[in-house]
Amino acid sequence: MAVLQQKRDAAAARLDALTVATGDFTAAARSDALARVQAQGLPARRDEYWRWTNPAALNAVAPSPAAGSDAGDEFAAFDRIKLVFVDGVFDAAASDDLSQAGIELLSAAGNADIHWAGAIYGTLEKAGQTPVDRPFAALNTATATEGVLIRVTGKAPKPVHLQYIHSSDHSDPILHHIVKLEEGAELTLLESGTPGARFNVVTEVCLSKDAKFNHIRVQGAEQDRQALTHIFTRVAEGAAFKSFTMTMNGVLTRNECVIDIIGDDAVAHVAGAALGDGKTEPFHHDDTVFITHGALRGESRQVFKKVLKNGANGIFQGKILVKEGAQKTDGYQISQSLLLDDDSQFLAKPELEIYADDVVCSHGSTTGSIDQTAMFYLRSRGVPVEDATAMLVLSFMADAVDEIEDEALRDDILSRLEAWLSRHRS
Amino acid sequence: MHVATDLEVREGVDRETVETVANMGSYKYGWNTDIEMEYAPKGVNEDIVKLISSKNEEPEWMTEWRLQAFQRWEGMEKPDWALLKVPAIDFQDQYYYARPKSMEVKPKSLDEVDPKLLATYEKLGIPLKEQMILAGVEGAEDYDPSQRQVAVDAVFDSVSVGTTFKDKLAEAGVIFCSISEAIKEHPELVKKYLGTVVPQSDNFYATLNSAVFSDGSFVYVPPGVRCPMELSTYFRINAENTGQFERTLIIADKGSYVSYLEGCTAPKRDTAQLHAAVVEIIIEEDAEVKYSTVQNWFPGDEDGKGGIYNFVTKRADCRGDRAKVMWTQVETGSAITWKYPSCILRGEESQGEFYSIAIANNYQQADTGTKMVHLGKNTKSRIVSKGISAGKAQNTYRGLVSMHPKAKNSRNYTQCDSLLIGSECGAHTVPYIEVKNNSSRVEHEATTSKVDDDQLFYCRARGMDEEEAVALVVNGFCKEVLQALPMEFAMEAQSLVAISLEGSVG
Chain W
1 MAVLQQKRDA AAARLDALTV ATGDFTAAAR SDALARVQAQ GLPARRDEYW
51 RWTNPAALNA VAPSPAAGSD AGDEFAAFDR IKLVFVDGVF DAAASDDLSQ
101 AGIELLSAAG NADIHWAGAI YGTLEKAGQT PVDRPFAALN TATATEGVLI
151 RVTGKAPKPV HLQYIHSSDH SDPILHHIVK LEEGAELTLL ESGTPGARFN
201 VVTEVCLSKD AKFNHIRVQG AEQDRQALTH IFTRVAEGAA FKSFTMTMNG
251 VLTRNECVID IIGDDAVAHV AGAALGDGKT EPFHHDDTVF ITHGALRGES
301 RQVFKKVLKN GANGIFQGKI LVKEGAQKTD GYQISQSLLL DDDSQFLAKP
351 ELEIYADDVV CSHGSTTGSI DQTAMFYLRS RGVPVEDATA MLVLSFMADA
401 VDEIEDEALR DDILSRLEAW LSRHRS
Chain A
1 MHVATDLEVR EGVDRETVET VANMGSYKYG WNTDIEMEYA PKGVNEDIVK
51 LISSKNEEPE WMTEWRLQAF QRWEGMEKPD WALLKVPAID FQDQYYYARP
101 KSMEVKPKSL DEVDPKLLAT YEKLGIPLKE QMILAGVEGA EDYDPSQRQV
151 AVDAVFDSVS VGTTFKDKLA EAGVIFCSIS EAIKEHPELV KKYLGTVVPQ
201 SDNFYATLNS AVFSDGSFVY VPPGVRCPME LSTYFRINAE NTGQFERTLI
251 IADKGSYVSY LEGCTAPKRD TAQLHAAVVE IIIEEDAEVK YSTVQNWFPG
301 DEDGKGGIYN FVTKRADCRG DRAKVMWTQV ETGSAITWKY PSCILRGEES
351 QGEFYSIAIA NNYQQADTGT KMVHLGKNTK SRIVSKGISA GKAQNTYRGL
401 VSMHPKAKNS RNYTQCDSLL IGSECGAHTV PYIEVKNNSS RVEHEATTSK
451 VDDDQLFYCR ARGMDEEEAV ALVVNGFCKE VLQALPMEFA MEAQSLVAIS
501 LEGSVG
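In order, the protein sequence lines correspond to chains W and A.
Take the first sequence: its letter number 410 is residue 410 in our numbering, and every next letter is one higher.
Take the second sequence: its letter number 455 is residue 455 in our numbering, and every next letter is one higher.
Pulled out of the complex, with its shape left as it was, chain W reads as follows (with noise of 0.2 Å):
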């Protein structure tokens, strides 16, 4: 049990420095959510879900500082309700005109009981703590300081934006992020840039029937900040969700995907792409997902990719969990890593539980360096080592991007990893 207290210590120590909110709409939940992980306390180093992630700079009070930057507007070609966010605080006056888009602010909502988001607010967060916990979550939802709050009844006529900017060295932001998108609604949500230093973002998407949500996130090109996602979302009958994330270097990130199906024709897809160079910092990348079926006919995806070097390390630790009577399931789950070179490393863990008879559900897994047969095609008809390194990555990349429904959109990612391949070509 001494393992226990140490992780319960290492939470109050890091709860002593934060401040859980009261008085507003999320209050009961805070509380709540403050309990939970005061009970769990924080990971620790031999947790079978923090294996191969050394959960320390996530777990110590201060943030190690990280060099601030703005990587600009990235979705600046695109028409959209776009929201700043500077070290985690909303900066009014670089975003849009929130009033009419039907978008309010955690912080903003005010103690309204009647909030429609009260009944959101921790409660998926909650859910998603079984079987595992994740106490980096449950500390999110008790002590987030901003975030936004997004209804949507019908078609969006445009994207959401939210744009982070890391300014300052010891930023250490919490923002959670509410959003719902009622019977038939449709919404697309951008995310760009770095949010700070370090920094724990938890978003609860609650689709109702028939809902339509797509998510691409671009996580920051900054190599030093330490990041933590996690997406908890609840998908209902013939509703669909699909979230794809490119991430480019960063020392530290692990991006948690937490999927309950919970009506029928349901689909959930997710997808990654992940380019890491550890030549002038370190690069650590873990992706974590896990998908529950509680539903007829069922269908879920992911694909993820990763392109490592210089000692790069990737994770993945993906679990399909399908309930008793969840029978027509089809679950699909590939990761795949290109290891450019001797130094990086690829650790997965692709799980699958099934309880129901009547499924299809797969996984694979491969590891390896680029084929050498395509290499040598390439060479042989007079094409530069480094230009075909890059072509044979984009090809190995392309499932993943391919997740990406919108033209537009796709082609934006795959200019990105162009680019970053072009940067990183020793």
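Honestly, I wouldn't trust all of these hints.
[To be verified] Now the stretches of chain W that chain A is said to cover, found in silico as 3 or more residues with beta-carbon under 8 Å:
| # | stretch |
| --- | --- |
| 1 | 171–182 |
| 2 | 336–342 |
| 3 | 364–374 |
[As the list claims (entries may be wrong)] Computed Cβ-Cβ distance ranges for the label pairs, DEER-style:
| # | chain 1 | residue 1 | chain 2 | residue 2 | range |
| --- | --- | --- | --- | --- | --- |
| 4 | A | Lys78 | W | Glu324 | 25 to 31 Å |
| 5 | A | Glu64 | W | Gln372 | 53 to 59 Å |
| 6 | W | Glu386 | A | Gln68 | 56 to 62 Å |
| 7 | W | Pro131 | A | Glu171 | 30 to 36 Å |
| 8 | A | Gln68 | W | Gln5 | 45 to 51 Å |
| 9 | W | Ala28 | A | Lys305 | 46 to 52 Å |
| 10 | A | Thr63 | W | Ala44 | 36 to 42 Å |
| 11 | W | Arg46 | A | Met464 | 50 to 56 Å |
| 12 | A | Gln92 | W | Pro131 | 29 to 35 Å |
| 13 | W | Asp97 | A | Glu424 | 54 to 60 Å |
| 14 | W | Ala27 | A | Gln68 | 55 to 61 Å |
[Said to hold, decoys possible] Below are the DMTMM-like pairs computed for lysine to aspartate or glutamate, each with C-alpha atoms no more than 20 Å apart in a straight line:
| # | chain 1 | residue 1 | chain 2 | residue 2 |
| --- | --- | --- | --- | --- |
| 15 | A | Lys450 | W | Glu324 |
| 16 | A | Lys85 | W | Glu48 |
| 17 | A | Lys450 | W | Glu299 |
In case anyone wonders, no lab produced these hints; they're calculated from the structure.
Beta carbons: idealized from backbone N, C-alpha and C, even for Gly.
Given chain W, put chain A in place with the hints provided.
Showing chain A alone in chain W's frame:
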């Protein structure tokens, strides 16, 4: 003529396969032998450890080794990471040593063994006679007898009752005897190798085994020798409330070859019984070992009562270059199976293979798989695992493939497939993949399904009737593993698995 719809075809599969698997419930080996036994007092403590050691007339170093293990075990906790619901086991409420009274004075030859014991093995289809093959194997007479000899070491509860073909093996320089005998006769070999693959403190159950193992088999194949026949150990648990803790040590010296078979059964009893074995295999340069198991311990009844709790640690160490090991297992029995036969691929170009069929029915729980630890350059491994769950059973594949930084140019291919029969069972896959260099290639595939519609359609589109198509598809599910088994075992396994579905539809 009755034309079956797709749905009916699939239901047909279920029915037939459920029946076949259910028939396994009429456990063939559930009888017990009425024989006078001698027990050590219940429970485990230092005195019991010393008692077991003295019963085996062991030298002092062995007693010390056991005591060291026991001291470590006392401070250890049971592993809880497997996807198993293990009822509380009272380690003090069972016997750790039980031997037939007639074995008090060790028989000098098989002629002196208690006829009751011989009859027991006869009935199990393992006659302890130096005959050409294991009896009861259909079709075996078609084979050239001189090619099909099998030497057997028979373990009954805590002791080995006899070993056949010892002399013939000795001519070839092969040592095949019980481990208690090896400790006395070949202490230099036992001292050199025991505990070097599975250390005393490896895990809770292996440590307990190190302290209280009562017997088991020992094999040494000298350099350059191809073992002239297959070796086999047959484990029988007979006594009630008794745990069986056997230890097997196999050493294949440079350039040698041996194929080893293991079988096990136990009587039907209401109370669960513990079986915690350790198998260590050492494979030197250019040597090859094949280890095949048909595990058919009593699985408990339809309500999940009784059965064997099987907690086994098996590991092979490919120490020399080009060493090869192949594990093949057919797991049909036991109420609980916790078993991960592993390969440490230390030597360059060494190879490890793991083929497994695990069937769980009623309330059986199986958590089984393998570890392939690639340490040397150019090492290769292959994993093929087939899990079948029926009734209320839970079946988990758990495995590790690890490519260390120095294991350049290594390869792994893993395939694990699960088949679910019925809506109350579970099939799970928990693979760990760790790749720490880029010249190696690791591929992992896993699927979980019912019988595949596309495959059925393919067969039927080519003119097969429903019956043939279903039989072919389900048959194919296990084939890769069945084919890896030696002939005797393949036959036994096939009848156990009985996946052949002739006459299933309609």
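Using the beta carbons of Asp97(W) and Glu424(A), state whether their distance is inside 54 to 60 Å or not. holds, 56 Å
For the range 53 to 59 Å, tell me whether the beta carbons of Glu64(A) and Gln372(W) fit it or not. holds, 55 Å
Taking 30 to 36 Å as the stated bounds, is the beta-carbon spacing between Pro131(W) and Glu171(A) within them? violated, 58 Å
Note whether the CB distance of Gln68(A) and Gln5(W) lies within 45 to 51 Å or breaks it. Cβ of Gln68(A) to Cβ of Gln5(W): about 31 Å, so the range 45 to 51 Å is violated.
Range hint 36 to 42 Å: satisfied by the CB atoms of Thr63(A) and Ala44(W)? holds, 39 Å
Distance restraint hint 46 to 52 Å, applied to the beta-carbon atoms of Ala28(W) and Lys305(A): holds, 47 Å
Determine whether the Cβ-Cβ distance between Ala27(W) and Gln68(A) falls within the hinted range of 55 to 61 Å. holds, 58 Å
Verify this for me: three or more residues of the stretch 364–374 of chain W with a beta carbon less than 8 Å from a beta carbon of chain A. holds (count 6)
Does Glu299(W) lie within 20 Å of Lys450(A) when you go C-alpha to C-alpha? holds, 17 Å
Gln92(A) and Pro131(W), beta-carbon distance inside 29 to 35 Å? With Cβ atoms ~32 Å apart, the hint holds.
Pair hint Lys450(A) and Glu324(W), alpha-carbon separation not exceeding 20 Å: Satisfied, since the Cα-Cα distance of roughly 15 Å is no more than 20 Å.
Do three or more residues of the stretch 336–342 of chain W come closer than 8 Å to chain A, measuring C-beta to C-beta? holds (count 5)
The structure shown violates the earlier hints numbered 1, 7, 8.
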